[in-house]
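Below are the chains, spelled out letter by letter.
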Amino acid sequence: DAGVIQSPRHEVTEMGQEVTLRCKPISGHNSLFWYRQTMMRGLELLIYFNNNVPIDDSGMPEDRFSAKMPNASFSTLKIQPSEPRDSAVYFCASSQTLTEQYFGPGTRLTVT
Amino acid sequence: EDQVTQSPEALRLQEGESSSLNCSYTVSGLRGLFWYRQDPGKGPEFLFTLYSAGEEKEKERLKATLTKKESFLHITAPKPEDSATYLCAVRITDSWGKLQFGAGTQVVVTP
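Residue numbers (our numbering), protein chains in the order written: chain A, 1 to 112; chain B, 1 to 111.
Think of the hints as simulated: they come from the structure by calculation, not from any bench. One or more of the hints may lead you astray.
[Said to hold, decoys possible] SDA-like, lysine to any residue: derived pairs with alpha carbons at most 25 Å apart:
#, chain 1, residue 1, chain 2, residue 2
1, B, K98, A, P70
2, B, K42, A, G3
3, B, K98, A, G16
4, B, K98, B, A84
5, B, K98, A, G3
6, B, K42, A, A67
7, B, K42, A, A2
8, B, K98, A, N71
9, B, K98, A, T99
It should be emphasised that the depicted structure is a prediction, and the values quoted were computed from it without experimental measurement.
Work the whole structure out from these sequences, hints included.
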């Protein structure tokens with residue numbers, strides 16, 4: 001298996017622009033997680049999907065962030081409009097329900 | 001409030017110098033403790049899951065143990081390729097699988 005796939009790997013954008021991050025989970029996994037990692041706050045859970053349904057989005061920082069999972073093999077995390085404080089590494093992870101999570105390589109986002 | 005604390009924050013070892021990392025937790029009902037390894041510029045890589053006090057898991061030079069209040073990750077005779085940040089995370093009762101991560105221990109092994 002190719003593991004969790006994320007794109008792009010790096011994104012540099014200007015403040016106010018829309019950013020879309022993409023994730024393809026491991027085939028057969030029914031849980032998908034979006035995380036954000038920064039030096040100051042460590043690894044934070046943003047949102048969790050189970051069977052393509054958002055279960056917990058309490059970690060989404062504000063309305064500028066939105067996530068979708070239209071099918072079992074694809075999810076997006078969108079930031080609109082982006083701000084410099086959104087600069088971080090964003091990880092997608094997948095698992096079968098209540099088992100260990102497998103992380104993708106991450107997307108490094110820089111907002112100038 | 002549920003908390004996960006890792007110590008030390010950073011650890012510098014000579015090749016072959018064994019040591020241990022600590023992950024202490026205060027959670028209301030543990031449903032699994034997870035260890036991950038993270039290399040610079042990469043996503044966390046799953047290492048072990050521990051479920052009950054007294055449980056131990058091993059993989060190459062790494063051994064993870066669990067008590068009722070903490071977990072240890074023992075690194076035996078480390079090599080430079082063991083250099084990484086080691087993260088622990090806990091899953092608590094009544095959660096759907098949500099993990100709470102510690103801040104990590106950065107390990108550097110020098111030749």
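Going through the hints against the structure:
A distance of roughly 21 Å separates the Cα atoms of K98/B and P70/A; the hinted pair therefore holds under the 25 Å criterion. At most 25 Å may separate the alpha-carbon atoms for a hinted pair to count; K42/B and G3/A meet this at roughly 13 Å. Of the supplied pair hints, the one linking K98/B and G16/A is violated, its CA atoms being roughly 31 Å apart against a limit of 25 Å. With a CA separation close to 24 Å, the supplied pair K98/B and A84/B stays within the 25 Å bound.
Between K98/B and G3/A, the direct Cα distance comes to roughly 20 Å. Compliance with the 25 Å bound is thereby established for this hinted pair. At roughly 22 Å between alpha-carbon atoms, K42/B and A67/A fall within 25 Å of each other, so this suggested pair holds. As the CA atoms of K42/B and A2/A are separated by approximately 15 Å, the hinted pair is consistent with the 25 Å bound. This hinted pair checks out: K98/B and N71/A have alpha carbons roughly 21 Å apart, not beyond 25 Å.
Straight-line distance between C-alpha atoms of K98/B and T99/A comes to about 10 Å, which keeps the hinted pair within the 25 Å bound.
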